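Chemist: Sequence:
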Amino acid sequence: MSVPQFINMVVATLAVKLKKVGGLDEFVELDEPPYALNFLWLFFASPGWVSLDHLLDKVLRGKYAAELGARVPT
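Under this note's numbering, think of the first position of the sequence shown as 1, with each following residue one higher.
Hint data in this document are derived by calculation from the structure and do not stem from the laboratory. Please note: incorrect hints may appear among the correct ones.
Unchecked claim - Cβ pair distances, simulated, as ranges: (1) Ala-65 with Phe-27: 21 to 27 Å; (2) Pro-33 with Glu-67: 26 to 32 Å; (3) Leu-30 with Val-3: 17 to 23 Å; (4) Phe-27 with Val-59: 17 to 23 Å; (5) Asp-31 with Asp-57: 41 to 47 Å; (6) Trp-49 with Gln-5: 41 to 47 Å; (7) Glu-29 with Val-3: 22 to 28 Å; (8) Lys-17 with Val-59: 24 to 30 Å; (9) Leu-42 with Lys-19: 23 to 29 Å; (10) Pro-4 with Glu-26: 22 to 28 Å; (11) Ala-15 with Phe-43: 45 to 51 Å; (12) Gly-23 with Lys-58: 47 to 53 Å; (13) Phe-27 with Ser-51: 28 to 34 Å; (14) Val-21 with Tyr-64: 48 to 54 Å.
It should be emphasised that the depicted structure is a prediction, and the values quoted were computed from it without experimental measurement. A virtual CB, placed ideally from N, CA and C, is assigned to each residue, including glycine.
Could you build all of it, start to finish, from the sequences and the hints given here?
Modeler: Structure follows, in structure tokens:
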């Protein structure tokens, strides 16, 4: 999900905001590049065990493992 968001932010920055930028100092002050870098970082780093998905998976597997039997891999 982060790759499309990264591409979207890069295109938005290049198409709209970059026309108004006169130098590096103005580019650094834009809001979009930090967001784009954040999406790129999420693509490579991913939250892993601190994510909400991991927490829900752990809780729900423990809760429903007995009902589902051996069909749930651990």
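Chemist: Each hint: holds or not?
Modeler: Outcome of the hint check:
For Ala-65 paired with Phe-27, a C-beta distance near 52 Å fails the hint of 21 to 27 Å. Separation of Pro-33 from Glu-67 is about 48 Å and departs from the stated range, judged on CB atoms against 26 to 32 Å. Range check, Leu-30 to Val-3: Cβ separation about 21 Å, and the 17 to 23 Å hint holds. The supplied range of 17 to 23 Å is broken by Phe-27 and Val-59, whose beta-carbon atoms lie about 44 Å from each other.
Checked against the hint of 41 to 47 Å, the pair Asp-31 and Asp-57 fails, with Cβ atoms roughly 34 Å apart. The beta-carbon spacing between Trp-49 and Gln-5, approximately 23 Å, falls outside the hinted interval of 41 to 47 Å. Judged by the Cβ atoms, the range 22 to 28 Å given for Glu-29 and Val-3 holds: they are separated by roughly 26 Å. Between Lys-17 and Val-59, the C-beta spacing of about 42 Å breaks the proposed range 24 to 30 Å.
For Leu-42 paired with Lys-19, a C-beta distance near 28 Å keeps the hint of 23 to 29 Å intact. The hint said 22 to 28 Å for the Cβ distance between Pro-4 and Glu-26, and at roughly 27 Å that hint holds. A beta carbon spacing of about 22 Å between Ala-15 and Phe-43 contradicts the range 45 to 51 Å that was offered as a hint. Separation of Gly-23 from Lys-58 is about 49 Å and conforms to the stated range, judged on CB atoms against 47 to 53 Å.
At about 32 Å, the CB distance of Phe-27 to Ser-51 agrees with the hint of 28 to 34 Å. Between Val-21 and Tyr-64, the C-beta spacing of about 53 Å keeps the proposed range 48 to 54 Å intact.
Hints 1, 2, 4, 5, 6, 8 and 11 from the list above are not met by this structure, while the remaining hints are.
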